[in-house]
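Visitor: Sequence:
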Amino acid sequence: MCDGTRMVKFMTTWSEMTRGALTPSTLPVWQRELLSARDPPRVTCNHCEYDEVADNEGTITISSDDMTQRSFFFGPAEVTALRRFSPMHLQHCTTFDVLTASIWRCRTIALQPNLKEDMRIICVMDARSKFNPPIHLGYYGNVLTFATAISTAQDLCNKPLSTHWSL
Numbered sequence: 034m035c036d037g038t039r040m041v042k043f044m045t046t047w048s049e050m051t052r053g054a055l056t057p058s059t060l061p062v063w064q065r066e067l068l069s070a071r072d073p074p075r076v077t078c079n080h081c082e083y084d085e086v087a088d089n090e091g092t093i094t095i096s097s098d099d100m101t102q103r104s105f106f107f108g109p110a111e112v113t114a115l116r117r118f119s120p121m122h123l124q125h126c127t128t129f130d131v132l133t134a135s136i137w138r139c140r141t142i143a144l145q146p147n148l149k150e151d152m153r154i155i156c157v158m159d160a161r162s163k164f165n166p167p168i169h170l171g172y173y174g175n176v177l178t179f180a181t182a183i184s185t186a187q188d189l190c191n192k193p194l195s196t197h198w199s200l
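Position 102 of the sequence shown, counting from 1, maps to 135 under my numbering, and the rest follow consecutively.
What the hints contain is simulated information worked out from the structure, not anything from laboratory work. Careful, some of the hints might be misleading.
[Claimed, not checked] In silico SDA-like pairs for lysine to any residue, Cα to Cα no more than 20 Å straight-line: (1) Lys163 - Asn79; (2) Lys192 - Pro146; (3) Lys149 - Trp137.
With the hints as extra help, turn the sequences into a complete structure.
Guide: Written out as structure tokens, the structure is:
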């Protein structure tokens with residue numbers, strides 16, 4: 034089992050071997066011990082991505098019957114237009130950050146929740162860069178985590194978009 038990043042690496046390595054390479058350009062490694070919990074385990078920060086969301090009156094629930102699936106394509110011109118809303122110190126944000134913050138805000142406005150309600154966004158991300166020492170390039174397994182941001186609906190709807198770009 035592997036994530037998308039390592040699936041591409043695996044397929045590249047497999048294709049090297051089928052073309053006659055005697056060894057892969059990146060040797061596979063087995064370092065699952067790097068992903069083990071501390072012994073003894075200890076909590077070093079709050080993990081709001083695992084908090085149970087209280088079922089408050091007014092909580093938004095959407096039936097799949099009420100949803101519509103649409104595709105939107107954001108090219109360089111659209112991303113540049115969105116970036117115009119960011120202050121200079123956030124101009125380095127990734128396209129992913131710009132689009133995610135914009136979609137999170139637009140979805141919140143469209144849902145019209147109670148303004149005091151917490152709105153969450155959770156994104157799966159590759160956590161390889163977060164390890165010290167780094168995970169070896171030849172490790173093909175999953176190294177995914179959940180990046181989570183929480184803001185009140187009021188802040189998402191009324192504050193400048195740039196205040197939410199620290200996903």
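Visitor: Verify the proposed pairing of Lys192 with Pro146, using a straight-line Cα cut of 20 Å.
Guide: holds, 16 Å
Visitor: Holds or violated: Lys163 and Asn79, Cα atoms, limit 20 Å.
Guide: holds, 17 Å
Visitor: Are the Cα positions of Lys149 and Trp137 separated by 20 Å at most?
Guide: holds, 16 Å
Comparing the model with each earlier hint shows no violations; every hint is respected.
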